[in-house]
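Use the sequences and the hints to build the structure in full.
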Amino acid sequence: MHLVELSRQDHAHLRIDPARMAEQAASCHMIPLVISEFRRAIADFPIMLAKNQETGRFSPYAVMGLAPGENLFWDGAGLDSSYVPLNLGRLPFCIGIDEDETGAPRHAVCVDMESPMVDDAGPEGLVESDGRDSAYFGTIQKILQELLSWKPRTDRFIEVLAERDLIRELRLDIVLKSGAPLVITGLYAIDEDRFNRLSDADIAELRRDGILEPAYAMMLSTARIQSLIDRRNRAEAKDGAWFQ
Amino acid sequence: MTARIKSVCIVGGGSAGWLAAAVIAARHRAGTEDDLRVTLIESETVGILGVGEGTWPTMRNTLRKVGISETEFFRECNVSFKQGAKFSSWATGAEDDFYYHPLVLPEGFPSLDLASYWNQYAQGNEEVPSFSDAVCFQEAVCERGLAPKLITTPEYACIANYAYHLDAHKFAQFLRKHCVEKLGVEHVIDEVDDVVLDGQGDIAHLMTRKGGALAADLFVDCTGFHALLIGKALGVPFRPCGDVLFIDRALAVQVPYETPRQEIVPHTLSTAQKSGWVWDIGLQNRRGVGYVYSSAHTTKEEAEAELAAYVGPAIENLQPREIPIRSGHRETFWKGNCVAVGLSAGFLEPLEASALVLIELSVEMISAMMPATRDTMEITARRFNEVTHYRWDRIIDFLKLHYCLSQRADSDFWNDNRDPDSIPDSLREQLALWRYRAPGDQDFSSNNEMFPAASYQYVLFGMGFKMDLSDRSYVVRNGARADEAFRRNVLLKDKWTRVLPKTRDLIDKILEYGMAKV
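Going line by line, the protein sequences match chains A and B.
The opening position of the first sequence corresponds to residue 1 in this note's numbering, with each subsequent residue numbered one higher.
The opening position of the second sequence corresponds to residue 1 in this note's numbering, with each subsequent residue numbered one higher.
Take these hints with a grain of salt, some might be off.
Only pairs whose alpha carbons sit at most 27 Å apart, straight line, appear in this in silico DSS-like list of lysine-lysine [to be verified]:
1. Lys-495/B with Lys-51/A
2. Lys-182/B with Lys-170/B
3. Lys-177/B with Lys-509/B
4. Lys-170/B with Lys-493/B
5. Lys-6/B with Lys-51/A
6. Lys-495/B with Lys-151/A
7. Lys-493/B with Lys-509/B
8. Lys-517/B with Lys-151/A
9. Lys-142/A with Lys-238/A
10. Lys-517/B with Lys-177/B
11. Lys-466/B with Lys-274/B
12. Lys-51/A with Lys-517/B
13. Lys-177/B with Lys-6/B
14. Lys-51/A with Lys-65/B
15. Lys-466/B with Lys-170/B
16. Lys-170/B with Lys-495/B
17. Lys-509/B with Lys-65/B
18. Lys-466/B with Lys-495/B
19. Lys-509/B with Lys-51/A
20. Lys-493/B with Lys-51/A
21. Lys-517/B with Lys-502/B
22. Lys-6/B with Lys-210/B
23. Lys-6/B with Lys-232/B
24. Lys-210/B with Lys-177/B
It should be emphasised that the hints constitute simulated quantities derived from the structure, not laboratory data.
Okay, here's the thing in structure tokens:
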């Protein structure tokens, strides 16, 4: 990864190939989400919490594989999902944070110059011939904007769940069709027993704070774990057929 | 006489008093009309001793049970991790003389007795690592200054078992806030001018300076060395044990770190001196250092010089505080409607951090056995006394073990410590048995044991004790399984010393991000 801050002068002729985005996700089993996209993400993925290794704090993720490095939605050419999380859709761009002269945080759009998506032959550019932003780059900016504006509310969502002791570790003990056992740890979900014991007043408070909808989305999304297992079984069956 | 027990009054606001209040209130107060009334009265003028700064791993469970957040505890009490103790210069006094008493049990313990195999391998073989290093990965973690967990490890959970180093003054304040705000403990600040007994010899009430009579059904004496209730009012005699444990003075200093980022040592350092030993415990903001010594074997001036030599140049600006120690305990801990907890019950040198753990065990037992009526209190008191006596005796044995195995002969302090007359019979018998077999669970069969057999193994073999297994080779017939365990320990050492963070780095993260509850 080689991140540089985007500038109109330096990057006026930068070309991007969006089709190669999925390659970057091919070996990712978890993609971080913001709560505004939960509703869309549960069409395909279970939404789970996991801890940041540096801070120990929870973040929500779309789970795409059952082991590190495994993305069960990658089919060799693209992502076999109807929804693409914002943190994939933004690639190869991201928001960098540094400080301005007064020490206040300043956000800047950066591009990863080592991404395979940065390609002189790519179909998309950032600037039109008349100097305006391209429609493609407009979409990217919208995605980055949504990530930026929903990050604090996502942090707050996690904080509320933690404060109310509504998080529990989800230990998955799976036996695959092949008979092989698979134990998954390090994923956390909403403790539904505790959630269902919340008082009416507590629920009203959660609704007011915008916690209720993403919380239900997360709880219902656990059904998608079965879809992941199915995908894994199908992938193994295919590999098995190949070797026979 | 079926008077109900409806109120408990704790006298004294140090660690003992507030731990008693927290543990009793957490169990006996639930916001109902039947709740026990828990009051703590402390004096404005009598300070707390505040030198008890090392805990056992039991403290994790105690804090969790009374509803305290471990993150808050780290933030409020200058807490750091303690992964056991490193004993230097105890066996021979030589430069490289040290061993560990870690908090992680030997690999495979207790189903596999690695001690016997180690004893066999180590005979005449310099290559074999020390006992604590051969059977346990924690020494390697400590030697590198690493923490016992990761920032992703939940509150109170661990990778390597740990206890705490804490600031006793801040700890008392922290517990007070929790007790008053969360647990419904009534807090009274007043002077106790008199303890008034009734016709049966029970404490009827305390006469306080501002508030008048303060009555309760059960009184907990946490008044420290003053022993205001159990000693002064009820006249329960003190049973000294200075004939076994010679330490009777402490010189304590608080040593600032040289730089704010100086590494924090994640274990207690205990370094033997000519007439005692020096404790050294690392908090977030300073070290607590002290020399405990026997005044029968040295002078205060000599002791100060030894402490100065240990601390180094930093001693220039420090004024050591002298604390007289009277080793021993009450003949009875619970008499009538009064039970003593903490220093009022007794005191022993802080060699194995037994002060806070005895408080925890005592208040847990008082809380669990809380008598419903005054007449059943006699049964409770008898059981409490029996168990508590047993615990003190075991601690005294274990502390003496550290001294009587030493080969040091550089002072009469060490020579006198080997005098058989100074060694309790119970310990002498154990040592006789351990000549021919390793300490095991069969030696410690009570439900109220203080130290597991593993602790005795760590000290025994750390001090250079040799077992004679010459005509009992069958006890080491399972060499393959033992080798497997030794290998596993090597792998664990390698893994955790690569993964675990530096102690100060983890504490910084805990202060900034907190630890998750799950």
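task: Please flag the earlier hints that this structure goes against, numbers listed from lowest up.
output: As far as the earlier hints go, 4, 5, 6, 9, 15, 16 and 18 are violated by this structure, in ascending order.
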